[in-house]
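Novice: Sequence:
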Amino acid sequence: MRAAPDDALLAGFAVGDPDAAAAFIRRHQAKVCGLARAIVSDAVLAEDVAQEAFLRAWRHAPTYDPRRGTVATWLLTITRNLAIDTVRMRRACPVGPEALAALGEVATGPCPSALAETQVEIDRVRVALAGLSEGQRRALLLATLFGRTAKEISEAEGIPLGTAKTRVRSGLLKLRDTLDPQRDGGGG
Numbered sequence: 002m003r004a005a006p007d008d009a010l011l012a013g014f015a016v017g018d019p020d021a022a023a024a025f026i027r028r029h030q031a032k033v034c035g036l037a038r039a040i041v042s043d044a045v046l047a048e049d050v051a052q053e054a055f056l057r058a059w060r061h062a063p064t065y066d067p068r069r070g071t072v073a074t075w076l077l078t079i080t081r082n083l084a085i086d087t088v089r090m091r092r093a094c095p096v097g098p099e100a101l102a103a104l105g106e107v108a109t110g111p112c113p114s115a116l117a118e119t120q121v122e123i124d125r126v127r128v129a130l131a132g133l134s135e136g137q138r139r140a141l142l143l144a145t146l147f148g149r150t151a152k153e154i155s156e157a158e159g160i161p162l163g164t165a166k167t168r169v170r171s172g173l174l175k176l177r178d179t180l181d182p183q184r185d186g187g188g189g
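In my numbering, each residue carries its 1-based index in the sequence shown increased by 1.
Among the hints, a few may not be true.
Each pair of labels, with its calculated beta carbon distance range [what the hints assert, rightly or not]:
no. : residue 1 : residue 2 : range
1   : Arg170    : His61     : 26 to 36 Å
2   : Asp178    : Pro6      : 37 to 47 Å
3   : Ala31     : Glu156    : 17 to 27 Å
4   : Ala4      : Val121    : 27 to 37 Å
5   : Ser134    : Ala23     : 34 to 44 Å
With a cut-off of at most 25 Å between alpha-carbon atoms, the simulated DMTMM-like pairs for lysine to aspartate or glutamate come out as follows [said to hold, decoys possible]:
no. : residue 1 : residue 2
6   : Lys32     : Glu156
7   : Lys175    : Glu153
8   : Lys166    : Glu156
9   : Lys175    : Glu99
10  : Lys166    : Asp178
11  : Lys166    : Glu135
12  : Lys152    : Asp43
None of these hints come from the bench; they were simulated from the model. Values in this document were obtained by computation on a predicted structure and should not be read as measured data. Heads up, the beta-carbon is just placed ideally off N, CA and C, and yes, glycines get one too.
Construct the complete structure from the given sequences, taking the supplied hints into account.
Specialist: Given below as structure tokens:
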């Protein structure tokens with residue numbers, strides 16, 4: 002089963018073949034869980050999203066069309082949509098279309114080379130985010146991904162309003178300098 006193509010594993014998964022189901026889940030589990038965790042930012046919730054993604058893949062396997070993309074792309078699209086829906090349901094503050102579009106860029110790239118380029122950029126951003134202090138990273142992610150205001154960040158983190166503003170601004174400046182080293186180091 003390990004050498005079977007994704008299409009065959011999906012077909013076996015759809016008809017309830019336990020070996021095909023196990024092989025299919027093992028093959029895609031890390032990617033599905035990783036994508037879910039990247040979007041929902043909660044390991045336990047990501048596991049729930051991943052489980053639901055595999056359940057939907059099993060239910061909707063007959064609708065898979067190989068002309069529209071690979072099995073992996075199809076499964077990750079299901080995962081992305083579930084994760085975004087989960088974030089929407091759990092968040093009191095709406096997110097702008099730009100943030101949602103950014104979440105979907107990886108799974109909806111037009112071709113493998115575009116996906117690879119996008120992944121390189123995502124890796125650069127992850128490395129840059131890792132270079133921030135914990136406080137800067139949390140404040141910046143709350144502001145940019147979740148659309149929180151400085152006041153909301155201040156209340157959520159239990160810090161003064163000025164500190165929240167400083168963390169967001171200094172985090173943005175440090176990210177800009179890290180991601181675009183040719184840029185003039187001055188603010189503005």
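Novice: Now look at each hint and say whether the structure bears it out.
Specialist: Hints, verified against the model:
| no. | hint | result |
| --- | --- | --- |
| 1 | Arg170 / His61: 26 to 36 Å | 45 Å, violated |
| 2 | Asp178 / Pro6: 37 to 47 Å | 45 Å, holds |
| 3 | Ala31 / Glu156: 17 to 27 Å | 36 Å, violated |
| 4 | Ala4 / Val121: 27 to 37 Å | 29 Å, holds |
| 5 | Ser134 / Ala23: 34 to 44 Å | 43 Å, holds |
| 6 | Lys32 / Glu156 | 34 Å, violated |
| 7 | Lys175 / Glu153 | 22 Å, holds |
| 8 | Lys166 / Glu156 | 12 Å, holds |
| 9 | Lys175 / Glu99 | 22 Å, holds |
| 10 | Lys166 / Asp178 | 18 Å, holds |
| 11 | Lys166 / Glu135 | 15 Å, holds |
| 12 | Lys152 / Asp43 | 23 Å, holds |
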